[in-house]
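**Q** First to last, the sequence lines map onto chains P and E. Quick note: the first sequence uses this note's numbering, first residue 1, plus one each step. Quick note: the second sequence uses this note's numbering, first residue 294, plus one each step.
It should be emphasised that the hints constitute simulated quantities derived from the structure, not laboratory data. Treat each hint with caution, since some may be false.
[Stated by the list, open to error] Cut-off 20 Å, straight-line C-alpha distance, at most; resulting in silico cross-link-like pairs (EDC-like, lysine to aspartate or glutamate):
(1) E:LYS349 x P:GLU235
(2) E:LYS349 x P:GLU264
(3) E:LYS384 x P:ASP215
(4) P:LYS277 x E:ASP345
(5) E:LYS384 x P:GLU217
(6) E:LYS374 x P:ASP257
(7) P:LYS99 x E:GLU387
(8) P:LYS252 x E:GLU387
(9) E:LYS393 x E:ASP345
(10) P:LYS277 x P:ASP257
(11) E:LYS306 x P:ASP284
(12) E:LYS306 x E:ASP323
(13) P:LYS66 x P:ASP32
(14) P:LYS277 x E:ASP355
(15) P:LYS99 x E:GLU339
(16) E:LYS384 x P:GLU264
(17) P:LYS292 x P:GLU97
(18) E:LYS384 x P:GLU235
(19) P:LYS140 x E:GLU339
(20) P:LYS292 x E:GLU385
(21) P:LYS252 x E:ASP323
(22) P:LYS252 x P:GLU220
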Amino acid sequence: MSELNSRIEELRQQALEKVRSEEFDDALALYDEALDLATDEEVRELITINKGHALIAAERTGPEVKALPMILMRRRNPHHTFLSSYALMYTHRLTSESKRAIFYGQIALEAAKQAEQTFWQLAALNELGMVYELDSQFPKAIECFESALACLDLVSSAADHNVSHVAIIGNLGYNKLLVGETREGLRLLHSVIDQLPSEHLKADAYVDLCYGYLDLEQYETARRFGEMSLAIAGEPRQVRNAHYLLGEAAYKMGDVDAAEDHFEHLARFYPQFRHLKSLLFAIDLRSMLNLKL
Amino acid sequence: MNKPAQLELVGRKIRQLRRQRKLTQVELADRIGVHQSDLSRMEQGEYKVGLDTLLKILATFDLSIGDFFDEGVRSETVIQKYRSLSASAQKEVESFIEFKRAQEEDGSWDSDGGESEGDDV
Chain P
1 MSELNSRIEE LRQQALEKVR SEEFDDALAL YDEALDLATD EEVRELITIN KGHALIAAER
61 TGPEVKALPM ILMRRRNPHH TFLSSYALMY THRLTSESKR AIFYGQIALE AAKQAEQTFW
121 QLAALNELGM VYELDSQFPK AIECFESALA CLDLVSSAAD HNVSHVAIIG NLGYNKLLVG
181 ETREGLRLLH SVIDQLPSEH LKADAYVDLC YGYLDLEQYE TARRFGEMSL AIAGEPRQVR
241 NAHYLLGEAA YKMGDVDAAE DHFEHLARFY PQFRHLKSLL FAIDLRSMLN LKL
Chain E
294 MNKPAQLELV GRKIRQLRRQ RKLTQVELAD RIGVHQSDLS RMEQGEYKVG LDTLLKILAT
354 FDLSIGDFFD EGVRSETVIQ KYRSLSASAQ KEVESFIEFK RAQEEDGSWD SDGGESEGDD
414 V
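Please take these sequences and the hints and turn them into a complete structure.
**A** In structure tokens:
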């Protein structure tokens, strides 16, 4: 490899590291520097895909994101096909365009299999599972997460193994709850909850546990996990979910005052909805809900 | 029943209310920020939504309990009694209702006209 090519690859690797640590502006600047130096079409294409992915992860757009479908159509090699289709799956998941996300996810998975790259397969399967989950195709989501776990056994990197294991088990556990395999879902969630790396993820997992224990009619336990979720919930979605499920748990326990308090908190999100609180006392909406949306 | 009773019940009620308000699926989907195809699946009890979306839909119709169950205060009491039962007892009640409904409707249970999946596309 020439000195110039070594420098370009060094910049690209540094940028990838910056993306992993969510320092997106630094990453984008490094990609631009690499693009300025690169003349080889294949190398430029790889950097363009990487930069497109970084923009998507930063919830931005740009010419590199718009170039991804064209790069995918070109199918220069399995690596670029995988990376571009994976990035497109990811961006369509973020915008809740699940049908398109599934389309690109299947391409990514196929490319990963053709290239016999286990870690790519694992990544594609986990992401595709999340897309199926958003699309209410829970049995298919479970298949993806279970296949991802099988791939994980073949991955040698201990760091990759641990991070992926926790994420996949958490996803699998939630989907088990949604198909009625409640005890198994709870077992899986409990097995990883202490290893979740952020408060955000823990708030979701605690509310999943609350949902599961409500299903088992273990209302005291459900309430405990609901309160743990509410204590660290950051997103409005998490706050709403926690108040709703806590209201349900309190109602089931006969604690009408607490139920009213939680439903009242929820009703404040919808001031135009005059009958919300009384409606929540009358109907149970849990079977309609996907807590991740 | 293949689908959870509440999922089907709420989905059918949303479809019924949407039609009463003379809204197409596209119009309601635009109003609440979901894809029309997802709204269609939700009305058929095949799609779970976020709590925010669900409450925005119900808020669009400004539903009261009476609106929801069509029978006013009396049904409120019935529903409260139903809600006080255990989950297993609720399932028994749902099965019995399904049995009675099938008896009365002679197999064509969808009083809302059996809207097809491609409605309003």
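**Q** Need the list of violated hint numbers for this structure, in ascending order.
**A** As far as the earlier hints go, 7, 9, 16, 18, 20, 21 are violated by this structure, in ascending order.
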